[in-house]
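Peer 1: Below are the chains, spelled out letter by letter.
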Amino acid sequence: MFTYTLRRLFFAIPTLLIISFVIFALLDLAPSDPTGDLPLTIPPDVREQIRASLGLDQPFLIRYLKWLQQFFINEPLNILESLTGWQFGDGERMRVLSWATRSPVVDLIVQRLPQTLWVVGLAYIFGILIAIPIGVISAYKQYSIFDQIGTFISMVGYSVPTFFTGVLLIVIFSSYLQWFPSVYDTNLRVTDFDSFVAQVRQMALPVFVLALYNASQIARFVRASMLDNLHQDYVRTARAKGVKEKTVLLVHVLRNSLIPVVTVIALGVPTVFSGAIITEQVFRVNGLGQLLIVAVQGADIPLVQTLTFIFAVLIVLFNLIADVLYGILDPRIRYD
Amino acid sequence: MRKLKLLLAGTVAAMALSGATAHAERGTDGDLKILFWQAVSTMNPYLSGGTKEELSSSIVLEPLARYNETGALTPWLAAEIPTLDNGGVTQDLLSMTWKLKPDVKWSDGSAFTAEDVVFTWKYCTAPDGGCAQAAQYEGVKSVEAIDPHTVKITFEEPKPHPYSAFISAKSPIIQAAQFKDCVGAKAPGCTSANFLPLGTGPFVVKDFKPNDVVTFEANPNYRDATKPAFASITLKGGGDAASAARAVLETGEYDYAWNAQVEPEVLQTMMAAGKGRLEISFGTQVERINLNWTNPDQALGAKRSTKDAGPHPALKDPAVRRALSLAIDRDIIVEAGYGQSGKPTCNIVPAPEAVASTKNDSWCLKQDLEAANKLLDDAGWAKGGDGIRAKDGVKLSFLYSTSTNSVRQATQELVKSMWAEIGVDAELRNASASVFFGGDPASPDTFQKFYADVLMYTNNFSGTDPEKYLAEWLCDKMPGPSNGWQGQNIPRYCNPEYDKLVGELSRTADLEKRIALGKQLNDMLTEEGAHIPLVHRGDQSSFAVTLEGVKMNSWDSQIWNIADWSRKK
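So the sequences go chain by chain: A and B. Using our numbering, you'd call the opening residue of the first sequence number 1 and step up by one each time. Using our numbering, you'd call the opening residue of the second sequence number 1 and step up by one each time.
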C-alpha cells in the first residue's frame with residue numbers, strides 16, 4: 001500500500017506539469033485581453049504600455065517558465081519564510097501578481113479561503129448528514145411514500161440549477177419576508193451572540209441552496225448502494241442467524257454500502273475548494289469561486305492560472321486519497 | 001471662456017447654498033453603504049483605468065479641479081481655474097500655472113504641497129509603469145513647483161484646451177512621500193500603498209479587501225470641519241446589476257448602488273417598494289452603428305476591412321447610408337432598452353448642451369420609411385423576389401455585429417425589423433464583450449477588426465472638450481495590420497476636408513470658434529454616414545430615499561460630492 005501511494009505521488013508530478021502547461025496554453029490562446037474591460041477613452045498606445053508593464057510583450061515560453069519559477073520556487077520560499085522567520089537570500093522575489101489588483105495571488109487566495117470553506121464546506125457537511133439517513137430509509141423502504149417523496153426532492157434538488165433556487169430564495173426570504181440578508185458581509189467578525197446570529201443568518205441561504213444540491217446527489221448514491229447490498233446473501237445469512245433488524249441494517253448493510261459512497265464524497269472535496277461559483281456570485285459570498293469568475297471576466301491570467309492549477313492539484317490529490325481510502329475500507333482490495 | 005466662467009460662478013453659489021442647510025457636523029450620520037456590482041480591484045486609479053476604480057478612489061484622492069454635474073470645471077485642490085483671462089494660461093498657450101488652496105492636509109496630517117503634484121506627473125509618466133491614465137498627461141513637457149503652492153505646467157506645443165492633467169477622477173494627486181519608492185516598474189509591488197493610499201478627500205481607506213469590500217472612515221484632517229456627514233463607508237462589490245439595484249430599491253439593504261444597467265420595466269417593479277429612487281445624468285456616451293466604409297469580404301483574406309480592400313460594395317453609396325439611418329425609429333429603441341436613461345440622438349458629440357449640434361435633428365431624429373424607400377428606389381436599388389433590394393448583383397444584406405448584452409441584442413432585433421421594411425436584410429451576430437473590446441490582434445471578432453458590415457457599440461470622450469475625440473475619425477487612424485489594428489477610426493471614414501478641419505480645431509483657442517468647429521465636424525460625420533448615432537446614453541444609479549445631497553455627475557466621478565451627502569433625519 002505504501003509503495004503504491006509513493007508510486008502514485010511520483011506519477012502525479014509529470015501529470016501536474018502537463019496540466020499546468022495546458023492551462024497556460026489555453027489561457028494564452030483565449031482571445032481575451034486584460035485591457036479589454038477598460039473604457040474606450042483609454043487610447044491604444046496607453047493600452048500597449050499597460051500590456052508591456054504586465055509582461056505580456058514577452059514570448060509565451062518565457063512567461064510560462066517565469067510563472068513556474070514564481071509558483072514552485074518563490075511562493076513556497078515566501079510561505080516558508082513567513083512561517084519560520086528564516087530568510088533565504090535577500091527576500092526580494094518576484095511573486096505571482098494578479099493583473100487586476102496588482103497584489104500577490106497567494107494573498108488573495110488566503111483571504112478568500114475562509115468564506116469558501118465556511119459556506120461551501122458547511123453545505124457539503126450538511127449535505128452528507130442529510131443525505132445518508134434519507135438514502136438509507138429510501139432504500140430500506142423502497143417504493144414507500146417516503147422513498148417517493150425523497151426521490152422527488154432529490155431529483156428537483158439535483159436538476160434545478162442553483163442560480164434559480166438562489167434567486168428564488170432571495171426573492172422569498174430577503175425581498176418579501178426580509179428574514180435573511182441577500183448580500184454576504186465579509187467584514188462581519190463573530191465576537192458575541194448577536195454577531196454570531198448575524199453570521200448564521202447571512203450563511204443560511206447560500207448554505208441551504210448548496211446543501212440541497214449536495215444532499216440530492218449523495219442521497220441517490222447512498223440509496224443505490226444500499227439497494228445493492230440489501231439483496232446480498234450475507235444479509236439473508238445475518239437475518240437467518242437471528243441478528244436484530246436494526247443491526248443488520250446499520251452495521252452490516254450500511255457499512256458495506258458506505259464504501260463507494262465514501263469514495264464519491266472524497267472525490268467531491270476539491271469542488272468545495274473551487275467554491276460554488278454561481279452560488280457565491282448570487283449571494284455575493286466573496287470566496288474562491290467568485291474570485292475565479294471575476295478573474296476570468298477580467299482576463300486576469302496569473303490569477304486564473306494559479307487558481308485552476310491549485311484546483312488541479314487538489315483533484316489529483318483527492319483522487320489518490322479516494323483510492324487509498326477504498327483500499328483501507330475494503331480489505332478485499334489490495335494494490336500491491 | 002465667458003460661458004465657462006458663468007457656469008462656474010453659478011455652481012459655486014449653488015453648492016454653497018445646498019451645503020449650508022444639509023448638515024453641520026462631521027461623522028453624525030453613521031455608516032454609508034455602497035454596492036458596486038463590479039468589485040473594486042485597487043484603490044490606485046493609475047494602475048487600473050477601470051471606471052469602478054476611478055469612482056472608489058475619488059472618495060479618497062482628489063484632483064486640482066473637478067467637473068461638476070453641469071460639466072463646468074470647478075476648482076478642487078486648486079484655488080482657481082487658470083484661464084487666459086486671469087493670466088493662469090499664457091498667451092502663447094505653452095504653459096499654465098495652478099495656484100493651490102493653502103492649508104490643505106493629507107489624511108496623515110502632513111501638508112499638501114506643489115511637490116505632490118509634480119510627483120504625480122512623474123509617477124504616471126515614468127517608463128515601464130504602465131500608467132493607465134497616461135493620456136491625461138499627453139503633451140505635457142514638464143511640471144514644476146514654483147513655490148509650495150504654485151505649480152507650472154509646460155506643454156510641448158500650444159494647447160488651446162489645456163484642461164486634462166490633474167483634472168477629474170482620472171488624474172488625482174497622490175502623496176509623494178507614500179509613493180516615492182513605487183515609481184515605474186516598482187509600482188505594482190507597492191501593495192499597501194496601492195490599496196491604502198493617503199488622500200486629501202473626505203474619507204480615509206481603513207481596510208481594503210481586493211475584489212470584495214472596502215471600508216472608509218471620515219478623514220479627521222479634511223479641510224471642511226463640518227464634513228463629511230457620514231462617519232464611515234462600506235463599499236461592497238460583486239454580483240450583477242439587477243440584484244445590486246434590488247438591494248437599494250427593493251430590500252433597502254444599501255444606500256447607493258452604482259450603475260443600474262437594467263431593463264426599464266424591471267426597475268419599475270423594484271421601485272414599487274418605495275425604498276429608493278433612480279438618479280440619471282447624461283455625459284457623452286452615444287450608442288451608435290458604425291458603417292464599414294471598406295470591403296469586409298472574406299475572399300479578400302488579410303486585406304478585408306482595410307484601406308487596401310477598397311470601398312464597401314453597397315455602403316459606398318451615400319443613398320444607402322442615409323436610408324439606413326432614416327429607417328430607424330430611435331424612440332422605440334430608447335423606450336425598449338433604455339427608458340429614462342436614454343435619449344434619441346443624431347450626434348456623436350451629444351453634450352455638453354453648448355457643444356451639441358441640432359442641425360441634423362430635423363431629418364434624422366424621426367423615422368421616415370417613405371423617404372428611405374424613395375432614396376433607395378431613386379438610387380437604383382430594386383427589390384428582388386425575396387424582398388431584399390439589390391443592384392448590379394450586390395444585395396443589401398448586412399452582417400450586423402455587436403457585443404453580447406441583452407439590451408444590445410434587443411436593439412439588434414428592432415433595427416433588423418426596421419430595415420426589413422425598406423428591403424434591407426441583416427444577419428445578427430454578437431461576441432462576448434471581453435473579446436469584442438479586447439483588441440487582441442489575433443481575434444477576428446474585435447470591434448477594431450470590423451469583419452462585418454455594420455457594428456454597434458457605445459463610446460464617449462472624457463471631459464467636456466471633444467477635440468481629441470473628433471480626431472479619431474482622421475484618415476490615418478484607420479485600424480489595419482500596419483498599426484496592429486490599433487487605430488480608433490473604426491468606420492474607416494476618410495475625408496481630407498474633415499482632416500483639415502480637425503487640424504484647424506487643434507490650433508483654435510477661442511471657445512466660440514472651437515464650439516462651431518466641433519459642431520461642423522460632428523455634423524459631417526452624421527451627414528456623410530460614418531455612423532448612425534442611435535441613443536444618447538445616461539448614467540443611472542439607484543439611491544436610498546433617505547440619502548440627501550446627491551448630484552449625479554457624468555463628467556467626473558459619480559460620487560464627486562460625497563463629502564456633501566447626508567442622511568435625512
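For the record, the hints were derived by calculation from the structure and aren't laboratory data. Model, not experiment: these values are computed from the prediction. A couple of the hints might just be wrong.
Said to hold, decoys possible - Partial selection, computed: residues in chain B whose CB lies under 10 Å from chain A:
1) Gly-49
2) Gly-129
3) Glu-138
4) Ser-142
5) Lys-152
6) Thr-154
7) Phe-155
8) Asp-212
9) Val-213
10) Ala-231
11) Gly-239
12) Trp-363
13) Asp-445
14) Ser-462
15) Ser-482
16) Trp-485
Every residue gets a Cβ at the ideal spot worked out from N, C-alpha and C, and that includes glycine.
Peer 1: Look at each hint and say if it fits the structure.
Peer 2: A quick look at each hint next to the structure:
At a threshold of 10 Å, the smallest CB-CB gap from Gly-49/B to chain A is about 5 Å, leaving the interface hint in force. Checking Gly-129/B against chain A by beta carbon gives a least distance of about 6 Å; that is within 10 Å, so the hint holds. Here the hint on Glu-138/B is kept, as its CB sits about 8 Å from the closest CB of chain A, short of 10 Å. For the restraint placing Ser-142/B at the interface with chain A, the shortest Cβ-Cβ distance is roughly 20 Å, beyond the 10 Å limit, so the hint is violated.
Using the Cβ-Cβ criterion of 10 Å, the hint placing Lys-152/B at the interface with chain A is not satisfied: the shortest such distance is roughly 25 Å. Annotation: Thr-154/B was flagged as interfacial toward chain A, and the flag is violated, the nearest CB pair being 21 Å apart, outside 10 Å. The criterion of a C-beta within 10 Å of any C-beta in chain A is not met by Phe-155/B, whose closest approach is roughly 18 Å, and the hint is violated. A distance limit of 10 Å between C-beta atoms decides the matter here; for Asp-212/B the minimum to chain A is near 4 Å, and the interface restraint holds.
With a least beta-carbon distance of about 5 Å to chain A, the hint placing Val-213/B at the interface is held under the 10 Å criterion. Given the 10 Å rule on beta carbons, the hint for Ala-231/B is violated: about 15 Å separates it from the nearest Cβ of chain A. For Gly-239/B, the interface hint holds, the least distance from its beta-carbon to any beta-carbon of chain A being 5 Å, beneath 10 Å. With a cut of 10 Å, the hint placing Trp-363/B at the interface with chain A is violated, because the nearest CB-to-CB distance is about 28 Å.
Evaluation of the Asp-445/B hint against chain A yields a held restraint, the C-beta minimum of about 7 Å falling below 10 Å. The criterion of a C-beta within 10 Å of any C-beta in chain A is met by Ser-462/B, whose closest approach is roughly 5 Å, and the hint holds. Hint status for Ser-482/B: violated, given a least beta-carbon distance of 13 Å to chain A, over 10 Å. For Trp-485/B, the interface hint holds, since its Cβ comes within 10 Å of a Cβ in chain A; the closest pair sits about 9 Å apart.
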